[in-house]
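Enquirer: Sequence:
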Amino acid sequence: MGIAFAKTPKGHDEITTKAGGLSPRVRRVLIFVDGKRTVDELRGMLQSDDLQHTLGMLEEEGYIEVAAVLDEKGRASIPDAPLPSITAFRSLPDKTNPKELDMAKNYMMNSLKAFVGPYSHLTIVEAVFAATSHEALREQFAPWFAAIIETTQGKRRAEHLRAELLKVI
Numbered sequence: 001m002g003i004a005f006a007k008t009p010k011g012h013d014e015i016t017t018k019a020g021g022l023s024p025r026v027r028r029v030l031i032f033v034d035g036k037r038t039v040d041e042l043r044g045m046l047q048s049d050d051l052q053h054t055l056g057m058l059e060e061e062g063y064i065e066v067a068a069v070l071d072e073k074g075r076a077s078i079p080d081a082p083l084p085s086i087t088a089f090r091s092l093p094d095k096t097n098p099k100e101l102d103m104a105k106n107y108m109m110n111s112l113k114a115f116v117g118p119y120s121h122l123t124i125v126e127a128v129f130a131a132t133s134h135e136a137l138r139e140q141f142a143p144w145f146a147a148i149i150e151t152t153q154g155k156r157r158a159e160h161l162r163a164e165l166l167k168v169i
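Residue numbers (this note's numbering): 1 to 169.
Treat the hints with care, since some could be wrong.
Capping the alpha-carbon separation at 30 Å, the derived lysine-lysine pairs in BS3-like fashion look like this [stated by the list, open to error]:
(1) 113 x 99
(2) 36 x 167
(3) 113 x 36
(4) 36 x 18
(5) 167 x 99
(6) 18 x 7
Between beta-carbon pairs, the in silico distance windows are [stated by the list, open to error]:
(7) 120 x 34: 35 to 43 Å
(8) 32 x 133: 35 to 43 Å
(9) 151 x 106: 32 to 40 Å
(10) 126 x 97: 17 to 25 Å
(11) 99 x 163: 17 to 25 Å
Worth flagging that the hints you see were computed from the coordinates, not collected in a lab.
Glycine included, every Cβ here is placed at the ideal spot set by N, Cα and C.
Construct the entire structure; sequences and hints are all you get.
Expert: Here it is, written out as structure tokens:
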């Protein structure tokens with residue numbers, strides 16, 4: 001299954017006017033979004049380490065939208081209802097599961113230590129350690145991801161790490 005994104009009117013305006021202040025790398029991704037190419041095809045063309053994160057940001061800011069969902073045989077269908085953002089957090093359970101909270105905290109702290117070192121980004125590690133809820137951890141998601149992609153190894157594994165963390169955060 002694959003998802004194809006298309007530019008919204010805001011996305012087309014951004015291409016012609018550059019009014020949104022997007023970075024050159026993010027603009028390049030926006031330019032390649034055409035409503036026909038799937039995320040996997042874009043990944044092969046752009047060689048972007050954090051493509052899914054970039055697409056999610058473009059979607060959340062209204063530059064792109066889901067155009068079609070492709071099944072295993074390559075047939076496209078238009079979704080009936082809006083799909084959740086590809087960077088969206090899962091819905092929170094009514095009662096916080098302490099085990100899941102600890103798993104998410106450990107995952108964030110250990111991945112930071114492994115990819116950027118034990119003494120880098122201590123403010124993020126301290127905030128994660130002090131978090132008592134999923135909401136508090138979610139506030140650290142963007143700084144955590146930015147720290148991970150600062151390194152070459154982190155860039156290579158960024159999408160996998162992000163996807164694994166989103167399962168429990």
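Enquirer: Against this structure, judge whether each hint is valid.
Expert: Hint-by-hint comparison with the structure:
For the hint linking residue 113 to residue 99, the alpha-carbon distance of about 21 Å falls within 30 Å, and the restraint holds. As the CA atoms of residue 36 and residue 167 are separated by approximately 28 Å, the hinted pair is consistent with the 30 Å bound. A distance of roughly 39 Å separates the Cα atoms of residue 113 and residue 36; the hinted pair therefore is violated under the 30 Å criterion. Taken as a hint, the residue 36 and residue 18 pair is honoured in the structure, with Cα atoms around 23 Å apart against an allowance of 30 Å.
A hinted pair counts as satisfied when its Cα atoms are at most 30 Å apart, and residue 167 with residue 99 qualifies at roughly 13 Å. For the hint linking residue 18 to residue 7, the alpha-carbon distance of about 14 Å falls within 30 Å, and the restraint holds. Restraint check, residue 120 to residue 34: a C-beta distance of roughly 38 Å satisfies the suggested window 35 to 43 Å. Taking the beta carbon of each, residue 32 and residue 133 are about 38 Å apart, inside 35 to 43 Å as hinted.
Separation of residue 151 from residue 106 is about 20 Å and departs from the stated range, judged on CB atoms against 32 to 40 Å. For residue 126 and residue 97, the hinted distance range of 17 to 25 Å is satisfied, since their beta carbons lie about 23 Å from each other. One distance hint, 17 to 25 Å for the beta-carbon pair residue 99 and residue 163, holds here, with the actual separation near 20 Å.
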